[in-house]
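From first to last, the protein sequence lines stand for chains A and B. One point on numbering: in UniProt numbering, the residue at position 330 of the first sequence is 330, and numbering is uninterrupted. One point on numbering: in UniProt numbering, the residue at position 56 of the second sequence is 56, and numbering is uninterrupted.
Among the hints, erroneous ones may be present.
Stated by the list, open to error - To give a feel for the contact side, a few chain B residues facing chain A, derived at Cβ under 10 Å:
1) Gly10
2) Ser11
3) Glu40
4) Pro48
5) Thr78
6) Asp80
7) Tyr82
8) Glu100
Keep in mind the hints are simulated off the structure, nothing from the lab. Bear in mind that the values here come from a model prediction, so they are computed numbers and not experimental data. Note that the Cβ used here is the ideal one computed from N, Cα and C, for glycine as well.
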Amino acid sequence: MADAERNASLLRKNDKQKTIQKTVRRGRSSSGNSGTDYCKSDKMNAVVVDSGAFTIKAGHSSRDNPTIIPNCIMKAKSERKRLFIGNQISECRDCSGLYYLLPCERGYITKWDVQKPVWDYTFSKNVCPINDYPVILTQPLFNFKLIQDCMDEIFFEEYEASSMLRLNPTDMARLKYNEDHNLTDDTPVLIIDTGFSFTHVIPYIKGNKYLKGIKRLNVGGKLLTNHLKDIISYRQYNVMEETYVINQVKEDTCYVAEDVKAELKLAEKYGKKNNIVKNYVLPDFNNIRRGYIQDPDKVDEGAENCQILRLNNERFLVPEILFHPSDIGMKSMGIAEAIVKSIFLCPLEYQRALARHILIIGGNCKFPGFKERLFKELRSLLPHLWHVNIYQPEDPILYTWQSGSALLSYPNIKSLLVSKKEYDELGSALIQQRFNHWNNSIVVENEEGKTPSQPSPLEEFSLMNNLKGKSVFGKHDIGTSSSETTTMTPTPTSSRILINLSEILQEAASEPGKEVVGAPGTQSAAAAFAEIVEKNAIITTASAAALASGAAVLPNDNENTNEQTDQDGITAKKIRLRDRSTSQDFPLVPPQEEDPFENLVLFPFGRNSYI
Amino acid sequence: MTISKSTLRGSNRIKENDKRRVVDETSRKRRQRKVMELLESDNYHDDPHADLVMSKKVPKFEDNLEQRTTRTKKKERTADYYQNKFRKNFQQLVEEDRNEAEENNRVSYMDIKCEESTLPPRHFCAVCGFLGQYNCLSCGTRFCSIRCMDTHMETRCLKWAA
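Excised from the complex, chain B in its bound form (with noise of 0.2 Å):
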């Protein structure tokens, strides 16, 4: 009976871990930003009006406008005025913020971000939410128990991603 030299010694675990990339620190990192950035994420599906072609029907913003109070109708302007008026994503203001704010020596929008705490970190099972002493190998996140870990090798592991 001839048994291949690969099949005959040693723990299958072990030549599974060999197998298994581990993934670095740096797209870590990355993920942990990702992660972040969807958290703050309004909507996680697409427009379900993407796709609706605007007939006249429809009624639109100006609509409204009808509604109000004003005085005078002369200066009534369409909400994408002010949008391409004032066209500016979040990061160019801050950082417009923080230029000016140098400039003039004041506090501005970054200077008043909390620090990162002093205290340690505690760490909870990614997939049960308990406290999780163990973290995975490939990817450092945290599980609990044996059966946290196989879920999480089964879903989340970032072997297969990144």
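Bound conformation, chain A alone (with noise of 0.2 Å):
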């Protein structure tokens, strides 16, 4: 089925290629190559430039596929009176012991003496030629503000670019992903980027990130490529110096198992069993010029006087570093982990829906069985009733360069430029303020700004009928008086109340999304309240429990919420009948870290004592 799907959208997108290439010609012979027309014609013509820190990735938006530069500038042991800067490294002969000048440094660009050159070189006649179209530059998430400054400068003032918009690649890659899927522009989609620095987790609700439900792991291929250079170095030859070539070996050997435990058995056994274990034979630069894996059945007598890397557990190991950043004793939970916690950091209707679309791109994709390994994982955190959909494009390292011919079609793309005029007039700090509002901040404010007139008084009623309910076991349990409880205003006198408050409002401002993010009001109060309860050391063991068992209660009432919300074709009926089953596992994914309580839940009153 995922197959048809795939062909299915391959075929689309070669329909939309082809529209695409029609309407340039168009839009060239309407309006010759003055460039400064380029806003008359129906599609408009930009250079796409991915610059990602490992590869850069350019071309005219008119072309089917970029040109891809590597992003440094390469000293080699033999050639002692040159530079290899990016694409030119093709021109080296021996590429043992490379020496590297990477721009950036955990994907941020740092070293603009080595930045410079290379862009250089990118944008030079024979390469990418900018010529008074307007840029598309990708830029990591969060860039620094001096980054960003520096960024214009250089090619408003350098490049003298007509205009340009800088943006995050993923935002390039939704637009892509709706116009492929024909999704609508507001379906939310989860869109997981892993790249040479780092890893990123973003949700897009509406159309926007939903900065909240962000996040990153600091695992990339550069990481995976030093360590399989490390532990080769130990077990093997020692390959420290050699960069270059070990990335070669990751791209050709590694690949993600998909139960590891397994996979380490058959790693263990000894000859023919074992599978797994491949010989590979490191490139000479003599007649040699890359590595390959060596076919256990033929006689390699090229081979026979180079030397010869034996690959075993490495090659699932290393990927596995990914999953578990724990195994190199990493403090970071893993990628499937973390999509699973930024789902759910999300408002609680569109929780679900991420779950249905899910986009991964970036060159960590390529490992092959990485997808599947995925899908087994997040299959296994998120709810059953859920579907999960993972989409692998088929090139995720050009999905961001492709998807700029779907930015160009969006409508406001023509108010989302700046032009040099503008940024003459404006300054550096002006626009980056314009270019981060789009796709980003919007999210936040949108939240808030809808929020506050949303919740209907219906809705505020049946939140206060909870607070009564968790207030009421709060009650039994510690023996403070009914009244009190009912009062929202925080009054500090009675602390033993504020904290049983504050943490059922805490809960109920994570957790049901819909009903109660609404009031930023409510938001504040709580986190206010959460104050008070750090600050408060007298929690007695048995408030303690009693909220455990008021946030016992919660999650039920969440599942309530999201029957009702939930209309995605499962018939509510159907839910209700499996209701106590599913509010049994609901909770085991943990909604929220630091509740100090969460443990607490299963004992000694059990979640069954209230239904």
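Reassemble the complex: the two chains are provided individually, in unrelated frames, and hints are given to aid placement.
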């Protein structure tokens, strides 16, 4: 089924590409090549640059595929008189012991004396000239101000771009995903961008990033290559200097195991039974330009005098770091856990839809088995009634660049571009605001702007009911008067009830999204309460248990609200039938980590006592 | 036949162990941090051109600028200009960003980092890569068998380093 879907989407894509090319031709012929007239044609053309930390994907939007340029300057041992910038490395005869000058540090450009020459090379006449076309440039998430300043300055003043749009790569990718799958613009999409420096999990709600739900995992291709280098150097040859070669080894041999323990058992076996172990012939840059996996059945004459790497469990344990960074002692959750966490940080009504539309892009997706493993983990971590769909594009590295054409057909594109004139008049700071507002902070504003009007009196009433219910339980267990518990205003005198209330409020604010997130007042109140809770050390175990029981009831209510909002085709009746069982598994997924009473949920008052 | 008291009794293994230094928690953490930093490094070796004296014949970056297709030639700045103007290391950038984010109450780079996993860590043998259930008494590194232990003791054990 998935194949059929992919084929269909491919067909659609092809069609689209054709139409794009047609319009391009039309646009050209009508407006000539003068460049300033591009606005008149119905389809805009631009130079799309996906400037990643490892490779720059640059090209004119009318082309099918971009030029891929390594974003680095390399120094070779053999040729001492020159530097290799970007693609020039193909002219290098001996790539052993390449010394890299990388412009990015953890994904953010810090070494401009390296980045500038690489960009100079990229936009030179023979590679990808800008020629008055608008420039669409990608930048990492939360790009620092200073870096943005410098990018603007280089592009407007140095390259004299007529107009420019800086945006996150995932902003573009989402547009293409929506276009390819015929989705409306406000469909929630979860994008996982796993690249050279890091892995980002970004939920898009109503076409905007939901900032609170974004997660970054500091594991990328660079770390994986370095780790592989490290373990090979320890176990076999010293290859610490051979980043270039080991990166190829990684790309050629590594894969993601579906079940690590089973795979390990297989890797332990000797002889023919072990189909994991592979011999990799290292290049000598004399006869062999690029390393390859040796065929075990054939006698390889060329490799007789070559060095051979024997790769066994390294093949799947290296990409495994993406799923379990703790394997190398990194204190961070894996990619699947981060996705689940990200989904549950989003407003409740969008959570289901996010799990339905998961898009994975970036170089690490190219490990065979990556998608299957991710699906397997997500399937077991997310509620069983949810549909989980993961879409991996044909080329996850170029997907962002290819989505440039989707961006250019975006209706508002012209208003998003900033022209050189505006840059000269307004300066970089104001332009940054403009760039960053699109797809970004709007989300938060939207959420806060729309929600106060949204919760109807009825909903608020039901929330009050919930709260009353909780405090009644609290009262029974702690033995405080019930009249106080119904008051919503914080009075720091009755601290125990405050704790009680604040807990519930926190719980409520974080959990049932739709009803509560609404009133910013409640949220801030909850935050204020939380502070008090932190300061207060008089939480008795009894009250803690009571709170826990209060918290235990809440998820059930959530399930009910979920039922009401759910219009995904599964009838409410069906869910109600399973209500008991789902409410049992539901809270197992931790909604909020910092809840100190979470572990108490099961003891001593099981939630069944209140159902 | 006289035998000195020290060689008379007791297991050699225990004597060996007594001599061995146990690396404390802080230096174990320090080593871990070092490993993580190394995993982010660009190169492990020195610049092969470091000892090279640049003569005028060596092509410089600026040579490429001629090929560029800008309309005017007035503002052509060297790469060093940008490096000097925007000289700030990553730590400074993060710090600045965090301060600004706190003022404006927005989500920043630091906030979106993944928290620690709720799942227990798995342990792999540092020598061969398979599951390792034992750890080194001195430095806490994992290994799976006596063979791997011996290799570890001879090579990477922290009793030598740190």
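Checklist entry - Which hints from the list above does the structure break, by number from lowest to highest? => result Violated hints (numbers, rising): 1, 2; every other hint is consistent with the structure.
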